[in-house]
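> Those letters in the sequence shown? Residues 15 to 765, by the working numbering.
Hints may be right or wrong, so weigh each one.
[Stated by the list, open to error] The list that follows gives simulated cross-link-like pairs (lysine-lysine, DSS-like), each with its CA atoms no further than 25 Å apart:
(1) 382 <-> 98
(2) 198 <-> 411
(3) 140 <-> 103
(4) 157 <-> 139
(5) 661 <-> 677
(6) 598 <-> 615
(7) 382 <-> 411
(8) 646 <-> 661
(9) 186 <-> 198
(10) 661 <-> 615
(11) 234 <-> 252
Calculated directly from the structure, the hints in this document are not laboratory data.
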Amino acid sequence: MWRGFLLRGTTRLLRVAAQGCTCRPPQKHSSSLCGSKWRTPRFAVSACFPEETLRGADYLSPTVTRTYKKDTKSALDLPVKPIKVTHIKEFLRSRDIPFHDGYCCLLAPSIFVDRGSRQDPANSKKENCSMFIDKTTGQFLCKETMVEGSWGDLRDCVDMMQKRDQTFLSPKVILEYSESKAEKEERERELREVERIWSCSLPFSDLPEEEARLIKTMFKITNVSNTTIKKFGIRLFKPTKSLVFPWFGGHNSSLKGIKLLSAQITEAGSVRYNEATVPKSSSYHDLFGLSLVGRGDSEVVLTSSELDTLAVSQSTGLPSVALPRGVSCLPPVLLPYMEQFKRVILWLGGDMRAREASKIFSRKLGLKRCSLVQPGENHPCPVDALAQGMDLTRIIKSTIPAVHKSIVSFRQFREDVYGELTNTEQLAGVKWTRFPELNRILKGHRRGELTIFTGPTGSGKTTFISELALDLCIQGVNTLWGSFEINNVRLAKIMLTQFAMQRLEENLERYDYWADKFEELPLYFMTFHGQQKTKAVLDTMQHAVYLYDINHVVIDNLQFMMGQEKLTDNKFAVQDNIVGAFRKFATNSSCHITLIIHPRKEEDDKELQTASIFGTAKASQEADNILILQEKKLVSSPGRRSLQVTKNRFDGDVGIFPLDFLKASLTFSSPVKGKSRLKKVNNKAEEESGNVVTVKRVDLAVKKVDETNRKEKGNIGRSAYRERKDLYPKSVLKHYFAEELFMVISVYVVK
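Generate the whole structure from the sequences, applying the supplied hints.
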């Protein structure tokens with residue numbers, strides 16, 4: 015029955031899922047998503063459906079009336095002045111509030127809990143402190159009442175409590191103040207969606223043995239026992255064959271959210287995993303497995319995925335938790351839950367990106383208590399290590415401390431050198447998808463580097479660099495924009511047009527769709543405009559790096575910060591100090607900074623060079639990469655603009671390639687389905703030779719496809735699976751788990 019259901023095709027499945035789950039009674043459409051501009055939530059559309067699928071779905075068409083509500087919490091709230099931990103301590107002492115120093119938070123008795131006399135020394139012990147105050151941002155959290163807010167909110171509450179001569183405040187004071195009616199309704203809608211999907215999901219113990227084995231094979235957890243899966247409360251959402259990971263939180267450990275993990279077979283035959291969260295990712299702050307951690311546990315393994323947590327828990331018996339967004343971000347709101355652990359082992363994966371994230375996260379958690387599992391062939395991610403039969407306990411015992419002394423020997427970073435030699439492709443950084451020629455020269459986008467970008471006035475520097483940064487942001491590179499020359503609304507309009515690859519002025523009915531997808535990108539903007547002081551900009555960058563784990567900062571441009579500096583009358587010395595400050599920030603924060611600098615005034619018929627950068631030679635000396643947008647002002651034909659790389663400290667390659675500007679989409683990259691450029695063949699012999707080569711390639715491709723089809727057709731039956739288990743994940747699953755099968759989660763949520 016199970017096998018026949020999967021082979022019926024995806025048309026009927028889509029239709030059934032759109033109507034809702036059969037395990038609940040039919041409900042009216044407006045009861046779940048009233049006031050929403052889409053009939054399906056934003057998280058589901060952007061996470062699972064491509065535009066082509068949505069375009070042909072009638073039930074996903076936008077409504078005529080736009081009812082968009084501004085999410086006030088989504089704005090980048092940056093302080094005017096940085097908060098220092100000394101100021102926090104002085105305030106608490108002045109108000110006679112006892113506190114204890116933690117690893118990354120200050121621990122104090124909660125002012126929202128009635129504990130009798132606050133002067134009782136028993137109430138001041140560290141284990142009785144349930145209020146956590148972040149040392150960097152001042153954000154506080156009461157773990158007993160789940161009240162949270164900013165440092166300003168906490169100061170106001172303390173002053174209010176003491177003015178009224180009270181021993182505690184009701185949690186309603188801050189809860190009612192911090193949440194608007196619209197936000198409350200949105201939260202309740204999301205909670206209803208969570209409960210609906212959770213109630214329609216099945217525990218693994220209720221699945222047939224063959225079906226459970228099929229699912230575990232698809233997600234590479236064949237060695238994970240059903241007992242471990244049951245312990246963590248994982249279920250299966252059958253319409254999309256997605257694993258459902260629960261988020262239990264609050265003082266009563268209630269269900270606050272879910273994450274769905276689905277699998278998709280790509281055209282290349284590999285498996286790609288997709289995630290969707292309810293609530294949306296920006297509000298999904300879960301440490302999966304935290305509900306199973308005891309109060310007396312002092313050691314924990316921090317992983318980047320829920321499947322890795324299962325492997326670690328089963329193999330080692332140690333408490334293990336998973337980050338909600340993998341290696342891309344460690345939200346500071348989760349730090350209070352890590353305070354009880356004296357040792358944190360970071361095992362985030364087996365690649366170079368995981369190693370970089372481990373170093374950055376260990377700074378947040380406290381270097382002295384963190385240990386790192388070095389990535390490499392001998393140390394893959396936990397779920398892969400379990401599948402390969404490795405001893406996970408031995409791997410954890412071989413961890414290294416996150417902090418070293420000032421003087422180290424080669425033996426201490428010997429594995430780091432080996433890791434760079436064996437992961438040269440990953441070490442090159444994140445590749446651009448819209449600029450393959452730039453990958454050929456720069457090899458990729460890397461952390462901790464400083465890129466200087468320049469070009470003639472009016473050549474499109476901001477437009478080009480916005481697309482360059484957008485390309486990386488789409489791939490998960492957390493980006494912060496500091497646009498001092500144009501305001502954020504205009505910049506966002508440019509980037510949204512580049513993201514949609516079309517003129518939205520002519521397609522306003524598609525605006526909400528693209529805006530929803532654009533909103534899910536890890537993209538943030540500084541609120542500065544015009545001339546700004548360097549210190550204020552650097553403080554904002556440091557704050558954003560801590561809160562959002564920013565990987566890429568774009569500063570447009572340096573000249574707008576020089577007018578506010580009064581260090582000296584020499585403008586070149588001022589520029590050198592600014593460049594030096596950004597260079598130091600990039601190195602210390604392991605963050606890539608792209609700094610736009612206007613060039614000197616040159617004649618129109620001359621191309622720019624490295625020496626054309628305004629100021630002294632310090633900018634070009636400090637930079638790791640120098641990019642120049644060349645423009646032939648006297649030429650109006652295609653090929654007028656080109657990008658030249660004049661410095662590449664990574665491997666020394668330099669070069670230049672043409673750029674074609676498409677005004678309709680404001681992009682410099684070629685469209686996906688553009689016209690191929692044909693090279694004229696002058697020699698008849700060369701033409702015949704080329705045809706022979708083409709025919710041979712086509713014949714080989716057809717032959718390969720035929721062989722693949724014969725193999726797959728011979729392994730569909732049940733007997734073939736039992737005889738050839740090695741082909742089970744590649745061929746049988748490709749038929750069972752069709753590509754469209756994993757895109758139903760968005761449709762299912764529709765009532």
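> Are the hints correct? Go through all of them and say.
The hints, checked one at a time:
Annotation: proposed proximity of residue 382 to residue 98 holds, straight-line Cα distance about 21 Å (limit 25 Å). Among the hinted pairs, residue 198 with residue 411 is inconsistent with the structure: their alpha-carbon atoms are about 46 Å apart, more than 25 Å. Taking the CA atoms of residue 140 and residue 103, the gap is about 16 Å. The hint holds against a cut of 25 Å. Between residue 157 and residue 139, the direct Cα distance comes to roughly 16 Å. Compliance with the 25 Å bound is thereby established for this hinted pair.
Under the criterion of a C-alpha separation no larger than 25 Å, the hint pairing residue 661 with residue 677 is inconsistent with the structure, at around 29 Å. Among the hinted pairs, residue 598 with residue 615 is inconsistent with the structure: their alpha-carbon atoms are about 29 Å apart, more than 25 Å. For the proposed pair residue 382 and residue 411, the alpha carbon gap of about 17 Å is at most 25 Å, so the pair holds. Simply put, residue 646 and residue 661 have alpha-carbon atoms about 21 Å apart, close enough for the 25 Å limit, and the pair holds.
Between residue 186 and residue 198 the alpha-carbon distance is near 14 Å, which keeps this suggested pair within the 25 Å criterion. Among the hinted pairs, residue 661 with residue 615 is consistent with the structure: their alpha-carbon atoms are about 21 Å apart, no more than 25 Å. About 18 Å separates the Cα atoms of residue 234 and residue 252, which keeps this hinted pair within 25 Å; it holds.
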